[in-house]
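For chain A, the structure is supplied; the task is to place chain B on it using the hints.
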Amino acid sequence: MSYLELQNVSKHFGRLAALDQLDLKVEKGEILGIVGPNGSGKTTLINLISGYFKPTKGQVFFENKRICCQRPDQITKKGIVRTFQSNVLFPGGTVVENLLISSHLNYNTRSWHSFFNTKKWKEDNEQAVGRAIELVNLLDLLNDIFLQADGLSHGYQRLLGIAMALTANPHVLLLDEPTTGMNHEEAMFVVDKIKKINEQGVTIILIEHNMKVLLGVATRVACLSFGTKIADGMPEDVMNHPEVVEAYLGTEVV
Amino acid sequence: MMQFFKTIHLMDYKNIVPKLVIGLVVAAIVLLPVVTKDVVILSMLIFSGLWAVAAMGFTLVLRTGQFSLGQSAFMAIGGYTCAILTVQMDFPFWPSFLLSGIISGLVAFLLGVVVLRVGGIYFSIITLALGEIVRIIALNWESVTRGSRGLVTSSPLPISIFGWELANFDASPVPYFYFMLCLVAITGVVFWRIGDSRLGQIFAGVALNPELAEHQGIHLMKYRIIAFTIAGVFTGYAGALYTHFLTVITPMVFGLWQSIQAMIMSIVGGISSLVGGPIIGGVLLYGLGDRLSRLQTPGLSQMVFGATVVLVLICLPKGTGLVELWDKFWKKVVWREVEYEHDEMED
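So the protein lines, in turn, are chains A and B.
Here the working numbering is used: the first residue of the first sequence is 1, the next is one more, and so on.
Here the working numbering is used: the first residue of the second sequence is 1001, the next is one more, and so on.
The hints are simulated quantities; they were obtained by calculation from the structure and are not laboratory data.
Predicted model, so just to flag it, every value in this text is computed and none were measured.
Be aware that a few hints might be false.
Derived EDC-like pairs: lysine to aspartate or glutamate, alpha-carbon spacing no greater than 20 Å straight-line [as the list claims (entries may be wrong)]: (1) A/77 - B/1196; (2) B/1318 - A/150; (3) B/1222 - B/1211; (4) A/196 - A/185; (5) A/78 - B/1132; (6) A/119 - B/1196.
Computed, partial: chain B to chain A, Cβ under 7 Å [what the hints assert, rightly or not]: (7) 1088; (8) 1092; (9) 1199.
Which stretches of chain A does chain B cover? Using the computed rule of at least three CB atoms under 8 Å from a CB of chain B, they are [as the list claims (entries may be wrong)]: (10) 79 to 93; (11) 209 to 222.
Glycine included, every Cβ here is placed at the ideal spot set by N, Cα and C.
With the rest of the complex left out, here is chain A:
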C-alpha cells in the first residue's frame, strides 16, 4: 500500500457529488500536483484528507492506518498538515505571534508548566521560538517577524501560511492553491520554496489551478474533473491528455 492512499472516496453534498469514487495514491517524498477546473473537487479532496470533512463513502489510509473520521487536530498530530486558500492567518498578531500560536505541536510541556513559568517551560519555549525562526529563515520572512501579519503583502501572507503549517512538523503537506492571485514572478518564488521544503523530506500535495506552475515542480500530476480523476501521470503527459484539454477548454465544435 502506498504512503497515503484514498480508496474509492466519495463526498456528496446533498445530491451533488463533489468527489465521486476517487482512488488516489501518494508515494513518500513526491510532489503530487492536482489540477482541475473550478468546482472539480480539488479543495474538497484536501478537506477530506485533513479531516475537515468526513467522506460519504470510502477510506483514507496513511502509513497503512485508517485516518478517516478523525478530527483535524488528530490528523495534524499524525503528520498531515494543510494550508488554506484564504483566511490563512490569526488576524491582529505579528508574524512571530502567528507562528508561535500555530507551533502547538512544538510545545511538549503541559500548560501548568507555563502557568508557573517553570524552567522546563522556558527551555521548551526557547526551542519552539528557535524552530519558528528557522522556518521564517527557510522562507525568507526573517525581516518581517515583528510586523503585523495582516499588513503583509498577499504573497508574504501565503508564505507565512506555509511557514505556520511547517511549524506542525508535517510528513505530508497539503497546499491549497498557494499561488492564487500572484504574478508569474511571485508564483515562481513560492514554487522555489516548495521545492526547498520537499528537499527536507516532506511529501507535498499541491493543488493548483494554473498548470504552468506545476510543470516546473510536480513529479506527478493528477487531473480532476467533476469529482473524478481523468488523468494521472507525468506533468507533460497529463497536460496533453485529450480529456484534460477538453475539461479545460471544451470540445471543438465543428
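Frame of chain A; chain B shown alone:
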C-alpha cells in the same frame, strides 16, 4: 480583533511611577477599613469586587471566542450550593464555600462538553437559557431551595486564633471586605498567569481563527472547556460570597440583567486586559449603578449602563475599554512616547 493580542498589563511599564501609583491605590484599598468602617462604602466595594470577578469570568470565556450570557447562572449555582449546604444540611461554612466553586465549575464543565460543540451564537443562547433554567429550578424545587421565599444564610463563625478574635463576620462588613479582596486577588493572579502563559496564546488562536487553529493541532473543544470551567469556578465563588454577604438568596437575585451587567462591566473596563479591565469596569459601573438606584427611578441604571457601553464603544472602538485610557495616559500624556504603527505596510 486587536484586543486579543494587545494585552495590557497595568504593571508592565519599565518606569517606576505607574507601579507606584498602582501600589498606592492597592494599599489605600487594603487599609481603607482602618480609616472608615462605613457600611455603605464597604458594602459597595464588596459588591463591586464580586462583580469584577464575574466580569473577569466573562472576559476569559470571551478570550476563547465565546460570548457567555450565563455568568449570573454560575453565581446562582455557587450561591445556592453554599446556602443549601449551610442552611439545609447544617454544613460548616468553609467546606461549603470551597464546594460551591467546585460544583459551579463542574456544571460549567458538563455543560461545556455538550454546548461548546456548537459554539458561536448558539452558545450564547444556551447560556442565556441556563440562567432561566437555574432560576426556574430554584423557584420550583421548594423542598431544597424554599422557592420564592429563598434561603436566609447566617454569617460564617468568627475566626479566632488563641482566643484572639481575628474576624467577626456578624459585627461589621470588614471581614467580608478582606474576604472579597482575597477572592479578587486569587482570581486576578490566576487569570493574569493564564493570559500570560501558553494557554493565553492558544485561547487567542482559538478565538481568532478556529479552523486554522484546529488544523495546527489545537483541540478546540478542550481549550474552550478549560476556559469555561475556570470561569465557572471563580464566578461560583463570587456568587457564594455574594449570597452570604447579602444574607439571602432568592431566585430573583441572579437574573438575566445580572449576566448582562457582568458583560457590560467587562466591555467598558476593556477586554484587552483579563484582570485590570474587569476590575475597573466592575468598580466604576457598580458604583454608578448603586448611586443611580438611590434616585428611586426604575430602569435608570439600565439606561445609563446602555449609554455607557455605546459611549465607550464609540470612543474606544477597538474594544480595549477604559483600561486603554490608562495606557494612553502614561505613554502619550506623561512620557510623550511616539508610537510606531506597523499596521500599514508597503508591498
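Those earlier numbered hints the structure runs against, lowest number first
As far as the earlier hints go, 1, 5, 7, 8, 11 are violated by this structure, in ascending order.
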